[in-house]
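Chains as they are written, first to last, in numbering that gives the first Met the number 0: chain A, 0 to 227; chain B, 0 to 227.
Mixed in with the good hints, there may be bad ones.
Because identical chains share one entry, a pair is satisfied inside a single copy or across any pair of copies.
As the list claims (entries may be wrong) - Once the Cα atoms are required to be at most 35 Å apart in a straight line, the calculated DSBU-like pairs of lysine-lysine come out as: (1) K186 x K200; (2) K222 x K74; (3) K106 x K186; (4) K186 x K56.
No lab work stands behind these hints: they were computed from the structure.
2 protein chains.
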Amino acid sequence: MKKIEVVQNILEANDAIAAQNQQLLNENEIFAINIMSAPGAGKTSLILQTVAKLKNKLRIGVIEGDVASTLDSEKVRNEVVDVVQITTRNMSESCTLIANMVGHALKRLPLGDIDLLLIENVGNLICPSEFALGEHKRVVISSLPEGDDKPIKYPVIFADADAVVINKLDFLPYVEFDINSFQIALKGLNPRIEIFQVSCKTGAGIEDWRAWLLKELEANKHKSQAKK
Amino acid sequence: MKKIEVVQNILEANDAIAAQNQQLLNENEIFAINIMSAPGAGKTSLILQTVAKLKNKLRIGVIEGDVASTLDSEKVRNEVVDVVQITTRNMSESCTLIANMVGHALKRLPLGDIDLLLIENVGNLICPSEFALGEHKRVVISSLPEGDDKPIKYPVIFADADAVVINKLDFLPYVEFDINSFQIALKGLNPRIEIFQVSCKTGAGIEDWRAWLLKELEANKHKSQAKK
C-alpha cells in the first residue's frame with residue numbers, strides 16, 4: 000500500500016509541473032509534442048525530416064533527452080532555432096524525461112522565438128508513458144524491424160498516444176510485419192489514434208505527418224486564444 | 000540526498016535477493032543468463048535459436064519477462080523443459096525484471112530438471128542494467144536496424160555486460176551500421192566483453208554463440224563444484 004502511495008505522489012507532483020509547463024507554452028503560443036519510441040526507431044530522424052519540411056514555415060525548437068551523449072543534439076543543432084540537451088544519466092531518473100527536467104529546459108530556450116517544440120524523449124517504450132511533460136500531443140514511433148507485436152507487448156504507451164508513426168517503411172520487403180494487424184491492435188487500444196506510415200530515410204509519407212502537425216498546431220492556437 | 004539513499008536501499012535489497020537466487024541456482028547446478036535488449040532486437044529469437052542448438056545436449060528452462068502479453072512464452076513453450084512468464088504490468092516495477100520476481104519464478108520451475116536457464120528480460124536498454132537477478136552472465140542483444148550508436152547512448156548496460164550479440168546481420172546491406180566502430184565503442188566501455196555477430200533469422204554465427212555458452216556453463220560447473 001505504501002509503495003503505491005509513493006508512486007502516486009510522484010506522478011501527481013509530475014502532473015502538476017507538467018501543467019505549469021503547458022501553461023508557459025500556451026502563454027508563448029508554442030505547440031509542443033512529446034516523441035517517444037524504443038531505441039533506434041527513428042526519433043531523431045523524424046525530427047530532422049519534420050524540421051526540413053517545416054523550418055521555412057515555423058520557428059522550431061528542440062529538447063533532446065538522452066541517457067548519455069549529445070549525439071542527437073549535434074545532429075539537429077544547425078537546423079533549428081535552438082536545442083537544449085537533457086542528459087539523464089542518473090539511475091533514478093534515467094529511464095524517461097520528467098516534467099521537471101523539461102521545465103528547466105524551457106528556461107533555457109528563447110520561448111518568444113519558437114512556434115513548434117519537438118521533445119525527443121529517452122529511447123524507451125515503458126517509462127515515458129507514465130510521465131506527462133506539458134506537451135500538447137504524444138507521438139510514438141514504431142519501426143518495422145521491431146516487429147508488429149509492440150502494441151500488444153507495450154500497451155500503455157500506445158493507449159495514451161495521440162499518434163503513431165510507423166517508420167522504416169523501406170524495410171517492408173525484408174521483414175515480417177503485418178501493417179494491417181498492427182493497426183488493428185492499435186485501434187483496439189485506442190480507437191481515436193492517428194496512424195502514419197513513413198520512411199524517414201526516403202521521405203515517403205512525411206507529407207501526411209507534416210499536414211497533421213500543422214493542423215493540430217493551428218487547432219491548439221485557436222484553443223489557446225479562445226481561453227484568453 | 001534522501002532520494003539517493005532510497006535508491007541505494009532498493010538496489011542493495013535487490014542484490015541480496017539476487018545472491019540468494021544465485022545460490023539456489025548453484026545448488027541445482029543451473030547456469031543462468033540474463034538476456035537484455037531494446038524492444039524487438041531479438042531476445043525471443045535468440046532463445047529459440049539457442050534452444051534449437053542445445054536442447055539435445057542440455058535441459059533448458061526459460062523465464063519470460065514482459066510488460067504485458069504471453070506471446071513470447073507461447074513461442075518457446077513446446078521447445079523447453081518449462082517456461083514461467085512474469086508479467087510486470089505495474090508502473091513501479093514494469094521497466095525491468097527484478098531479483099524478487101525471478102525468485103518467485105524459480106519456485107515454479109522444476110530446478111532439478113534444468114541445466115541452462117535463459118531469462119528474457121523486459122525490452123529496455125536502461126532499467127535492467129541496474130538490477131542483478133542472480134544470473135551468472137549478462138548478455139545484451141543489439142540489432143543492426145537500431146543503429147551503431149547504442150553503446151554511446153546507453154553505456155551502462157553495455158559496460159556491465161559479459162557478452163553482446165549483434166543480431167539481424169542479414170540487414171547489413173540495407174542499413175548504415177559500422178560494425179567496426181560499434182565494436183571499438185563496446186571495447187572502450189568494457190575491454191573484456193565477448194562479441195558475437197549473428198542472424199537469428201538465417202542462423203549465421205549462432206555456432207560461436209552456442210560454443211561460448213557451453214564453455215561458460217562448464218566453467219561455472221567447475222567453479223560451483225570447487226566451492227562445495
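Hint by hint, which ones does this structure get wrong, listed from lowest number up?
Of the numbered hints, just 3 does not hold.
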